[in-house]
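Visitor: Yeah, the sequence shown ends on 488 if you go by the working numbering, and it's all consecutive.
Since the hints were made in silico from the structure, they are not lab data.
Treat the hints with caution; some may be incorrect.
[To be verified] Listed below are the simulated DSS-like cross-link pairs for lysine-lysine, each with C-alpha atoms no more than 27 Å apart in a straight line: (1) K257 / K395; (2) K207 / K372; (3) K358 / K395; (4) K395 / K449; (5) K257 / K372; (6) K454 / K196; (7) K454 / K257.
Remember, predicted model here, so these are calculated numbers, not experimental data.
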Amino acid sequence: MTAKLLLDNLTNPALLFFFLGIFSVRVKSDLEIPADASKFISLYLLFSIGFKGGQELAKNNLSAEIIYSILFGVAIAVLIPVYTFFILKRRLSIEDSGAIAAAYGSVSAVTFVTAGVFLENQHIIFGGHMVAIMAMMEAPAIIVGVLLIRYFNNQGTKTPIKHIIYHSFSNGSVLLILGSLIIGYFATEKQALDIKPFTTDIYKGFLAIFLLDMGIISGRKLDGLLKAGWFPIMFALVIPLINGSVVALLSGSITHDTGNRFILSILAASASYIAVPAAMKIAVPKANPGLFLPMALAITFPFNITLGMPIYMTIIQHFL
169 MTAKLLLDNL TNPALLFFFL GIFSVRVKSD LEIPADASKF ISLYLLFSIG FKGGQELAKN
229 NLSAEIIYSI LFGVAIAVLI PVYTFFILKR RLSIEDSGAI AAAYGSVSAV TFVTAGVFLE
289 NQHIIFGGHM VAIMAMMEAP AIIVGVLLIR YFNNQGTKTP IKHIIYHSFS NGSVLLILGS
349 LIIGYFATEK QALDIKPFTT DIYKGFLAIF LLDMGIISGR KLDGLLKAGW FPIMFALVIP
409 LINGSVVALL SGSITHDTGN RFILSILAAS ASYIAVPAAM KIAVPKANPG LFLPMALAIT
469 FPFNITLGMP IYMTIIQHFL
């Protein structure tokens with residue numbers, strides 16, 4: 169089953185477009201996504217993720233368990249970037265540390281989908297509100313990452329923390345995903361249906377083009393990951409294992425539902441290679457996607473779908 173999950177994901181068209189982008193750079197092709205088009209696709213993906221998350225949240229009655237699960241998910245998205253940033257800052261630049269920390273505090277939608285298949289194969293269900301939690305974990309991680317970058321880059325200027333917080337929340341990418349989440353929550357089912365062709369039907373196509381662009385960018389800077397040495401590679405393996413295992417244990421205090429605990433674990437263990445790269449490309453252009461993107465996509469993602477998921481499920485089943 170694990171091998172099939174790995175094969176299914178490695179043959180996913182969106183991921184293959186990412187590798188096509190890397191390949192095009194290696195063969196010195198002139199393939200390139202125009203800058204304006206790339207920025208539009210980045211904003212579109214943030215809008216779509218936020219809006220669909222708001223829709224899913226609106227479909228569920230807010231029980232105490234759902235509220236606690238949301239707060240737990242947001243807390244994870246805040247705490248992981250903070251502690252990982254200080255680990256990363258010892259060896260990497262402030263910009264790269266903040267971007268990587270945000271990526272690992274945020275979530276991977278593709279890993280989330282894979283986790284759903286993993287549960288389905290074991291005949292285990294999970295709550296629909298987990299989709300909303302996934303979307304709600306994107307913005308806090310981005311905000312914390314941008315906040316940390318701006319704070320440590322402005323230590324010498326003594327910029328008031330309230331100004332840094334304001335600019336972090338008013339950043340276009342953060343504002344868009346939060347605003348889209350709220351709009352999606354209040355939109356009626358009919359209103360959402362009217363724009364479904366834009367928010368849902370073409371999403372995977374834009375995702376494929378976005379990952380093609382990210383592949384081109386990463387291909388140009390892939391040598392940076394290798395030059396960085398063993399540290400980023402080990403980080404991309406060890407940190408997800410720690411995050412997923414700890415949440416697999418702690419989630420038992422929030423819910424006894426095996427499926428929901430597993431999803432919370434995989435959200436904590438995953439790293440974003442969609443929303444965070446889209447946001448960081450706009451908010452922190454100095455951050456090197458040749459580091460955080462290959463770390464999340466080429467190392468953390470395959471680790472989670474091969475070894476991570478069985479480990480987290482085993483922990484949950486032994487600590488019901």
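Visitor: Each hint should be assessed against the structure and marked as holding or not.
Guide: Structure-based check of each hint:
Between K257 and K395 the alpha-carbon distance is near 17 Å, which keeps this suggested pair within the 27 Å criterion. For the suggested pair K207 and K372, the alpha carbons sit about 17 Å apart, so the restraint of at most 27 Å is met. Taking the CA atoms of K358 and K395, the gap is about 52 Å. The hint is violated against a cut of 27 Å. Note on K395 and K449: the hinted pairing holds, with a Cα-Cα distance of about 22 Å set against a maximum of 27 Å.
Distance restraint check for K257 and K372: the Cα-Cα separation of roughly 34 Å exceeds the 27 Å cut-off, and the hinted pair is therefore not satisfied. Between K454 and K196 the CA atoms are separated by roughly 24 Å; this keeps the pair inside 27 Å, and the hint holds. Between the alpha carbons of K454 and K257 the distance comes to roughly 15 Å, so the proposed pair stays at or under 27 Å and holds.
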